[in-house]
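A.B. asks: Chains A and B supply the protein sequences, listed in that same order.
Residues in the first sequence are numbered consecutively from 179, following our numbering.
Residues in the second sequence are numbered consecutively from 179, following our numbering.
Hints were generated in silico from the structure; no laboratory data involved.
Be a bit skeptical, because a hint or two may be false.
Since the list gives no way to pick one copy over another, a pair counts as held whenever it fits inside one copy or between any two copies.
Simulated pairs of lysine-lysine, DSS-like, Cα-Cα distance not exceeding 30 Å [unchecked claim]:
#: 1; residue 1: LYS329; residue 2: LYS463
#: 2; residue 1: LYS478; residue 2: LYS297
#: 3; residue 1: LYS445; residue 2: LYS463
#: 4; residue 1: LYS230; residue 2: LYS302
#: 5; residue 1: LYS445; residue 2: LYS302
#: 6; residue 1: LYS302; residue 2: LYS439
#: 7; residue 1: LYS302; residue 2: LYS411
#: 8; residue 1: LYS463; residue 2: LYS217
#: 9; residue 1: LYS230; residue 2: LYS445
#: 10; residue 1: LYS230; residue 2: LYS478
Protein chains: 2
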Amino acid sequence: MVLMPNTGHKINPMVSKSQIDTTFDLSTYLAERKVLVEKALDKSIRIIYPEKIYEAMRYSLLAGGKRLRPILCLATCELTGGTIEMAMPTACALEMIHTMSLIHDDLPAMDNDDYRRGKLTNHKVYGEDIAILAGDGLLSYAFEFVAAQTKNVLPQQVLQVVARLGKAVGAAGLVGGQVVDLASEGISEVSEETLNFIHIHKTGALLEASVVCGGILATASPTNLERLSHFAKNIGLAFQIVDDILDITATTEELGKTARKDIEAQKATYPAIWGLEASRHQAQKLIENAKAELEVFGHKAMPLIALADYITSRSN
Amino acid sequence: MVLMPNTGHKINPMVSKSQIDTTFDLSTYLAERKVLVEKALDKSIRIIYPEKIYEAMRYSLLAGGKRLRPILCLATCELTGGTIEMAMPTACALEMIHTMSLIHDDLPAMDNDDYRRGKLTNHKVYGEDIAILAGDGLLSYAFEFVAAQTKNVLPQQVLQVVARLGKAVGAAGLVGGQVVDLASEGISEVSEETLNFIHIHKTGALLEASVVCGGILATASPTNLERLSHFAKNIGLAFQIVDDILDITATTEELGKTARKDIEAQKATYPAIWGLEASRHQAQKLIENAKAELEVFGHKAMPLIALADYITSRSN
């Protein structure tokens with residue numbers, strides 16, 4: 179399948195096959211889904227006593243961001259025959275987990291960052307103790323939320339989602355990636371293998387869980403879950419390569435976080451190993467592979483195809 | 179039901195009713211169950227790349243301790259018709275969650291403790307960054323472990339366990355209790371109400387989950403789950419009162435952690451509000467209430483009756 183280049187987030191993935199001009203408006207789609215997700219997130223945590231911890235959890239959970247993980251989860255659930263309602267608790271849990279990882283990553287003992295998404299980081303506002311606990315609270319609530327709030331899905335499917343989420347965030351996923359990332363800091367000769375390990379685990383695992391869990395909730399076939407998994411692995415790595423590129427080419431204002439942070443921290447990045455141009459090329463190749471996995475779904479896959487293209491074209 | 183006083187951990191709870199001398203050897207029971215739990219915990223985490231995080235997780239998870247939560251969970255599962263095998267993954271998860279809370283509580287930004295169970299705390303050995311991540315890893319693995327490893331239990335029961343565990347450790351449980359505890363430090367006039375809140379959440383919630391989840395896994399009736407919940411709430415508060423008493427009366431060697439720490443940190447404690455003698459009396463009253471809840475189960479409840487007595491008689 180030949181795809182049109184992505185210009186202004188309007189793409190036309192089917193034109194070469196069907197010759198029907200069914201352009202897909204990704205910007206509107208993302209904006210609408212983001213509103214849905216943020217409404218659900220806002221509703222998910224009420225402020226009760228002791229207010230400080232709920233405020234701290236909400237501060238970071240509702241601090242904006244692309245909501246890419248929840249949106250991916252909703253999209254794959256719909257793609258494989260499920261509904262938005264079935265996937266929304268898991269979508270929220272994914273954002274809770276992602277937010278937890280950001281709060282803990284920003285701590286002085288970790289990346290020691292003062293700003294995130296253009297706002298002060300959690301520990302700068304609430305103190306280190308509360309920031310650690312807010313992360314713990316979000317992580318545990320994510321599992322409670324999926325288990326207690328998921329409706330119209332078979333319990334065994336929900337259990338599979340719990341297991342997938344747990345694996346994606348633990349030592350076999352995000353936490354393991356962060357450990358290798360921390361250990362690689364300041365080391366000038368980080369191998370491509372190590373860099374791949376870091377990103378497959380630190381970013382990739384949760385993105386893959388986002389995509390695959392949507393399918394699990396819809397009781398997708400093993401073959402389709404495999405396709406979703408490949409799609410996710412490809413866009414996950416592409417996403418990270420683009421992140422590395424943006425750290426060099428974008429401004430702090432565009433990013434909403436400190437630019438050129440990787441270079442200053444002497445972090446290993448793909449542009450550092452391959453150069454900028456080869457990194458861009460590699461990201462594009464991964465995106466093409468990702469999209470090829472979804473050909474079988476036809477026009478129903480348009481949101482995910484468009485999302486894949488968006489990853490390489492984004493500026494923050 | 180009148181119970182014999184607990185001497186040397188051999189008690190005879192039924193003698194007044196049945197006049198049959200069925201003494202229960204709690205020391206042997208606890209030692210045997212502890213071995214079972216520690217074998218399962220040892221098997222639960224293998225050391226793979228990146229080794230440091232798995233080593234850090236194992237360091238604290240296998241650092242001894244009474245394994246009270248797992249043992250309670252196994253006991254209530256058996257009491258209500260289930261088996262040890264059905265409850266073991268949840269039992270391990272309870273210890274993973276408990277260990278996570280200890281690792282994070284000991285951090286410099288929290289209680290800043292150098293020793294735990296007679297060993298250096300996690301961050302003193304592995305550094306603060308790894309200690310934070312080891313806690314995150316244990317917490318997420320706990321949920322994965324329950325969801326993926328529980329066998330011969332209906333999926334909807336396992337999901338209920340996941341939801342209970344999540345609630346027990348989050349802002350509505352352990353995390354919330356810790357927040358109020360931190361806020362109360364150094365304040366001379368902490369009310370009994372606040373102190374109750376702290377302990378019902380910081381210690382009580384996970385103990386209650388330990389006891390109730392065993393019943394959920396065995397598909398216990400709502401009435402029996404209610405009984406288990408009351409039993410757990412009573413022993414949970416008694417446990418904390420005894421902890422406060424031991425902080426004053428026991429040595430660092432006996433405790434395996436710094437003694438008189440609460441006093442030095444000017445922490446609110448029950449003995450500080452009620453005095454030592456009234457605190458002992460209150461703990462005993464709670465234990466009697468707890469045991470009364472289990473009368474209906476007859477001699478099958480002996481391990482739990484003995485455990486309740488053990489809480490007030492323990493010296494560490």
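A.B. asks: Each hint should be assessed against the structure and marked as holding or not.
C.D. replies: Here is what the structure says about each hint:
1. LYS329 with LYS463: neither (38 Å within a copy, 43 Å between copies)
2. LYS478 with LYS297: Neither. Shortest intra-copy (37 Å) and inter-copy (57 Å) distances fail the 30 Å Cα cut-off.
3. LYS445 with LYS463: Within. Shortest intra-copy distance 24 Å satisfies the 30 Å Cα cut-off; inter-copy 59 Å does not.
4. LYS230 with LYS302: both (14 Å within a copy, 29 Å between copies)
5. LYS445 with LYS302: Answer is both; intra-copy 23 Å and inter-copy 26 Å each pass.
6. LYS302 with LYS439: Classified as both; 18 Å inside a copy, 28 Å across copies.
7. LYS302 with LYS411: Intra 34 Å, inter 36 Å, cutoff 30 Å: neither.
8. LYS463 with LYS217: neither (35 Å within a copy, 47 Å between copies)
9. LYS230 with LYS445: Between copies only: 20 Å across chains, 34 Å inside a chain, cut-off 30 Å.
10. LYS230 with LYS478: neither (43 Å within a copy, 44 Å between copies)
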